[in-house]
Structures are given as C-alpha cells and as structure tokens.
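Undergrad: Each chain is listed here by its residues.
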Amino acid sequence: MVGEKGGVKRKRPAASRVSRSKKRYWRKGADVGEIEEAAVQIQHEKDSGGQIAERADDDLFSIDRAPTAKEEKKFTKKQQAALKKISALATRNANEVSLPMFPKKPSKPLKKLPRPTVEVKKAMKTSVKKNFDLWETDLESKLVQSVPDAAKDGAAYYLQQTKKVQSKVPKTLRLKSSLLKAVEVPEAGASYNPELESYVSYVQEIAKDEMKTIAEEARSERRSKLASGESMVTSKDKWKEVMAGLEDDESNEVKMEAEDVNGESFLSGPVQVNPKTRRQRRKQKEQKEREQKRLSKKANESNVFRSKKILKKIAEEEAAHKDKLKMIGDKKALDDMTKRKKLGKGRFEEEETPFLLTEEITGSLRQLKPQGNLLADRMKSLQKRNILPIAGDRNQHRLKQKLRFKVKENRSHKEVKQGTVLR
Amino acid sequence: MRVKKKGSTGSATNYISRTKALKKLQLSLKDFRRLCILKGIHPHEPLHKKKVNKGSHENKVWYYIKDIHFLTQEPIINKLREYKIFLRKLNHFKAKQEDDKVKKLYENQQEISLDRIVKERYPTFGSALRDLDDALCMAFLFATFPRTKYLRSNVITECKRLSTEFLHYVIESHSLTNVFVSIKGIYYQAMVGGEKVTWIVPHERGLGHITDVDFSVMATFAEFYVSMLGFVNYKLYQTLGLYYPPRIETGTVQEEQQQQQSDEEKEKVYSLCRPIARSRQQEQDEEMEMFEDGDNELAEKLKEAKKLKTLFQGCNFFVNRECPKEALALIVRNCGGKVTWEGAPFELPASSITHHIIDRPVANFDLNRVYIQPQWVFDCLNARRKLPTQQYLPGQELPPHFSPFIKEKPGDYVPIERIEELRSLGKDTAAIEPERAPTTSATKKPKMAQEEKKGMSVETGKMHKKNAQKEINKKGEERKIRELMIKKKHKRVYDKLTKGIKRHRGEAKKLAEKRQKLDKQKA
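As they're listed, the protein sequences go chains A and B. Okay, so the first sequence: first residue is 1 according to full-length UniProt numbering, each after it adds one. Okay, so the second sequence: first residue is 1 according to full-length UniProt numbering, each after it adds one.
A few of these clues could be false.
Here are some, though not all, of the chain B residues that point toward chain A, as calculated from beta-carbon distances under 7 Å [unchecked claim]:
no.: 1; residue: Val-181
no.: 2; residue: Ile-183
no.: 3; residue: Thr-211
no.: 4; residue: Tyr-234
no.: 5; residue: Ala-430
no.: 6; residue: Ile-432
No lab work stands behind these hints: they were computed from the structure. Since this is a predicted model, take the numbers as computed values, not measurements. Every residue, glycine too, gets a C-beta built ideally from N, C-alpha and C.
If we strip away everything but chain A, and leave its shape as in the complex, we get (with noise of 0.2 Å):
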C-alpha cells in the first residue's frame, strides 16, 4: 500500500541493465525513500497520539453544528412569499392557537413611488421632439463632425458605409406614378342638397352602371337555362342509353335489313372527284409564274416615267406614317401618366359611387345619412395613382407544385406471366 503511494512507477536506471530473473534486479531496482518516507509518518503519527487508522471517529471529526458561509439557498419570489408566510404562521400559531383556516390571497404589491430618474427621462423625450425648421437645418454634418480622426480622410466613404449619410438618391425615385388629382371633387349631383337636375344627371350615370351589371347576371342565368322543350338527363335516360339495342334487336336488324332491300333511301350516289396528276399541277404553276412576271416588268417599264409621282407618294406615305408614330407616342406617355397599371396579381375594381335615395335627400344637414367610406376612397385613389399594388385573392386555387411518382405497369411486362417462355 505504501508502495503505491506515488502512484506512477519511477525509472529504474541500474536495474534497467541487469536481467529481471536475477534476483539482483530487485536489489537494485527496489525504491527505498517511499519507504523510509512512510516510516517517519508512521513516528509522527505515534508520536502525537496513536496511528490515525487505529483510532476511533469520535476522536478524530466532532460534527460541525454553526452556520458556516451566508451562501444561502436563493428562493424565488414565490418561494420567499411562501416561506414568508409559512413564518408567519408558524409564528401566530405559537402565539395563540387558531381555527385552521385557507391562506389568503396574496395582496397586491404596493405602488412603487415614482423614480426620479424616469421623471427625468421622459422630460428629455419630449425635448427631443423639438420643433425646427426642416428645410433650413442640415441634418448631415452634425454627423461629419463625428467622423472619428482615423477615418477623416475616407469620411465619405466610411458615413456611406455606416449608413449615416445618404446616398445618390436614383432618378428613378422621383419619377411620378401619376398626373391624377389626389383629390378627386365628385359632381355636382354629389352634394348634399342637390340641384334637381344635376341630382338626376349623377343618379342615372350610377343606374345605367348599376343596369349593365343586372343584364350581364340575366344574360348569364339565360345561359345556364335548358332550351324549351329539353329537360335534363336523368339516370333513367342514362339507363336507356346504354341499353339501347339490346333488349329487343332482333326486330331492329329485320327493320334495317329490310330497309336494305328497298335500296338508296337515303344514300346519294358516290362523288366524283378526278384528281390533278402531278405534272397538271406543276404546268399550272409556271403558268402563273410567267403571267405575273410579265405583268410587273410591264409595270416597272411604265413606272420609269411617273418616277416623280411615286416619290412624292412615298414621301406623303412616310410623313403620314411619322405622324402617326408620334400620335400614338403621344398616346402611351398619355396613358402612361393617366392609367392604371397593373401591379401585382389582382384586380382593380372601382369604388361603388355613393348616392342618396330621393327619398332620403331631406336638404337638412342635421338629417343627412353620409355615404360612403373615405377610408377606402383613400385607398381606391392610392391605387388608381399607382401608388399601392393590389394584391391578387389569398385563397386562389394553387397547382400541386409537387411531382409525384405514378405506378405504372409496362403492357410488355404484363404479359409475363408464369410459365411464359422469355425468347
């Protein structure tokens, strides 16, 4: 045991020469300060009091019953509001002896007092929002005074890249969607007291909509009705169909049969067609090869002479054709500016023009239904200015973008069956 102390075995160096079977390995090999070591701590121990493996716990330990370091347990604070009241309890219960009774609700914790500290803070956050002077303060080189010097010499591109200074903005950007009025003022007929005619002029503009809508549902229910007279097919007619000529054909055959034996009832005779043979149709061609040519080349002889003529025709046709070019030019930039585009995957759909019913006009402010939502006025005209993109239905039907494997058997290899003879 005491052999083992050092635990790691330790070089031998003279022993290391001499064979192990001698007995003189072990002399030189032996390590005698281990030993001699434990001897002296087997004196010690003799000598102040008897040999520690000999003597009784008792003796040795004493249990250690004073609170040692204030590492206390950290409760959480339910746990303290627990323990707390379970004090207080244990405290009341030796004071006097109680009916047993159900803990009560904790009670709400009381206001903290405010901090002077958050007093202070939401003061500067006010201050913060000052008003000034936008369009004569310069909001950039506050921020190219805090460049630090390292990076003086490259401050534009270090604020650039630190996101602090803007950038070019793109032409792009202050390219206008839309020559549309923000406001769009409605008619005359919109007022809330409207003059009589201009009120009829601004109704009837809404019923013909309103009119156009009804005859597209009419023409579409027309549409979806049976003609007169047909009905719809049912099982039994199904039923029928399929069977037809079978129950009773005998009669039928005799029917056809005999109908054969009268002869040409309803057949016309057989029509006669003579096909071009080949060498026809190649004649034919150069035939009309040759005609044609003839005539441009008499064209082009006469044409020599009215060679002003066709100029000037083809001048005014090339006018013709820029102005046209122009005009229609002119026409996209128009449309350009003025229409809708299409932005994204829905549809515009106008806003239904508010009205009021004759009956409901009372000329009483006070008496006066409003019509319509400005919200979506709002939003209507943000869109017809190509401002928002109109987003297509979010419930569209979707196709399977996943392909999936279909088990299929090859025609040839069904016919292998067993027994089959493979050739």
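Fit chain B to the supplied structure of chain A, relying on the hints for placement.
TA: Structure of chain B alone, referenced to chain A:
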C-alpha cells in the same frame, strides 16, 4: 463573338420582383411594405413583362432595381430589425410576468425618426406643399378613428393636433376659398403658399366598418404624413409669425418659459373659436392699388381675397349644438367673423350675437338675431357675398347647394339659380345662358321710298351698322365651306364630334324645357 447570356442586359436588369427584393433586403413582407411607403417607393410595370420575367407572363409586383439598391442603404432597416428584437424580448418578459422589465423595455424603446426621410422626399418646402392634399386627407380622416390594434393612440392624437393646427393657419391666413358639402364628406379648398390645396373631411357621424381595406398599410401612410405635416405646419406658422405650438391670445404678453401647456389651454386651442397668438405683429397689409382693368387677373384675385377676408366682419355667430361646429367655425373665422357655441371656451355676450345658426325648428326667437340654417354659411363663402337670408330661415326649403369646383362650359345646361349667382359675382354669363328666341321688333318699318335728288348733293354720313343676323349667316356659310375642305380621313372624326355636341345640346335643351314646365306648374 461570345453569345450573351439571356437576361444580362436591357429591361431584365432594370427590374426586380418583390420576392427577390425581400430576399435581398432580408425583410419580412410587412416590414418591406412599411419601408416602401415611408420612403415613397412604388412598384412599376415593365413595358415587356415577358422580357423581365424569364419568359413568363405572370403578374408580379416589380420595382426598379435602383430603388431597391437605394433601400439597402437605409438606416431604418436596422431600426426595423431592432424592433423585431424588442418584440421578442417583450414577449419573453410578458410570458414570464416580469412587469418591471416590460416597463423598462417600453421606457427605453426607440422611436423611428422620419425627419431625414421627409427631407429626402421633399427637398424643398414647395414640393411638400404640392403633396399636402394626401397628407391632409389622411390626417383629418385618422383624427376621427377610434383606437385599435393597428392604430396606436398617439397617431390619432397627433392627427387631431396637426389637423387643427393646419385649420388655425387657414383661419389666420384667410386662405379658404371653396367649400362643398357632399354626401361623402366636406370638401375644402384653400390657397396655401401659392398652391391650391384640396382636402376632404368626413362628416361627424362615424364611418361604417369596412373589411376590404388593409388598415395597417393606411396607418403607415398616416404615420409618415404625421411627421411631414409637423414640419409643414411649423414652416407655415413661421411665415405668418405665429407661435408654433399654437397659443391662445390672451391680450397679455406671452412668457417664453411657459412652454408646457395645460390640458385646459390645449382644449381652448383645439376648439378653433379663439384667435391664436402671434410672436411678432404682422406688418399692415399694404393696400395694393391696381388699375381697374377689366382683364387684370391678378387684380381680380386680390379683390376676391379681400372680399373673402371681410365677408363676415362684424358678425357674431352662435352655433346651435346640432350643427357641425368645426366646419362652421373655420368658415366664419376665415371670413373675419366671430363664433361661439354652448360651452365654448370663447364667449360672446348674448346681446352682441347677430347670427344664430340652427338646424331644427326654433323654440323661442330672439329678435336681435338672424336665424339661419348652416348652408347659408357655406353658400356665402362660395358666392363671396352675404346672401339674402330669407331663403335660409329655419324650416324653409333650402335652395340647392352647388359645387364651387365645377366650371360651367358653354352649351351645358345651367340652372337659373346658378346663373343668377354667377351674375351677382360679376362674371360674364353670356356664354352659359340659354339662347333666347330673338326678340324681333314688333313691326318692321316700311322703307320710305326716297326720292333721288337731282344733281350733286351732300348727305350726312351714317354710321355703318353691323347686321348681327347677317354676321351669323356669314359665319355659318364659312363653316360649311371649311367642312367641305375636310379630308375624308378626318371627316369621320369630325362628324362624330359634331354629333356629340349636337346630342349634348339636345340634352341641355330638354332639361331646360323640363325646368320651364316645372316652373309653370309651380306658378
């Protein structure tokens, strides 16, 4: 030569689809939408969708790639990311019921400042004024909304504050020119800084609930316009020499330190009925002397503005509680009058009130006052004069309320009331008036057969008289000749045009006849 790879030049490189932009910016769709609205970036439709979309015709939302590249350098993106983290923390602490930490988070929350963006989008004050229509409509609309999930209460209060501040400016500068009360809301028009600004204010009764409007998108617009309007208002107030958070004029010298306003004072400011204080006395209006030329447009405009300014001068209005106070107070004070109502912070002695605006049957009359319906005020502003009040007495059937925004063209049907109104304004109505049957003098005088004097003689010279009918006939003939000269190509278009004009004229005639019939029945 190497073959170019497809989609490496031309329009394919100019556009980027929204999904790609989202990926590039690493933002959620919601954040991207918000950012685009704040920065004023909108989608564009490419000329050839197929070229841009790798041969597909699918409708996508396209942006200019330059715009998106510009967005990548936007510091607000970082703020949006920080906000995402803030939300995560908030969720965490809320779930753990750690209230003090939640509170702290809210206290330290950073608001996104849009000052820089406002300046970037509107490099000049004029450009901001040109976009004021949208901003005002949004502010007035959102001021009426209740607080909801999407709408923080501070946006609503800010909208209320800014819209009333703007109205105060309009009142102080006397710049309101037109009002139109429609069934949707009240349309106003004012000349602000040389720009015609039109906006709509909803009626006081609440709006109905709608489902097909993305509320969060509109709220983002409101958020941006709130910060923009703040700066615009400040600048507008400066031009008039008013204190910027507006203060009530008390007659005493304002103290500079008294910055914090009490709630009571704020209420006074936002009631619109009291004048607000000026930091410096404005110079006296210089009397612009214009020569009385008939066609001097500028002079006419100045005259009109002066008329508007003094329209209700010396009139004290009392508004009954069922009438729209804000609208009436705005118009009356814009035209130089004074206004009060029950419980208003500005009181006028009852004996001094000249006009009582009421929209219900009157219970007890006060003989010193004129009782009128609210439409009188609107119509007076549009007509630029004080209209006779007989037609506007309570219980009386009101004359129609015309739209001041619609200009009559010759050939249109214009009701007589409108013509009279226009005539009273001193405008030339000859073009609009319905053609009357030419009043021929009862009998033509028989020409006296004059005896020719013999020999030389001198007669007194006669003025050359133009025969109006002959002139018309001549014009007609000339027109016919010109019509003959029209090329065949253009003839069809011309015919269509003339047909349309004829039809229009016929309709107008019909309406006029109808009116005549009605008048006859009434009489």
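Undergrad: With reference to the structure, classify each hint as holding or not holding.
TA: Verification of the supplied hints:
1. Val-181: Because about 5 Å separates B/Val-181 from the closest Cβ in chain A, which is inside the 7 Å limit, the hint holds.
2. Ile-183: holds, 4 Å
3. Thr-211: violated, 10 Å
4. Tyr-234: Constraint on B/Tyr-234 satisfied, holds at 5 Å.
5. Ala-430: violated, 21 Å
6. Ile-432: violated, 14 Å
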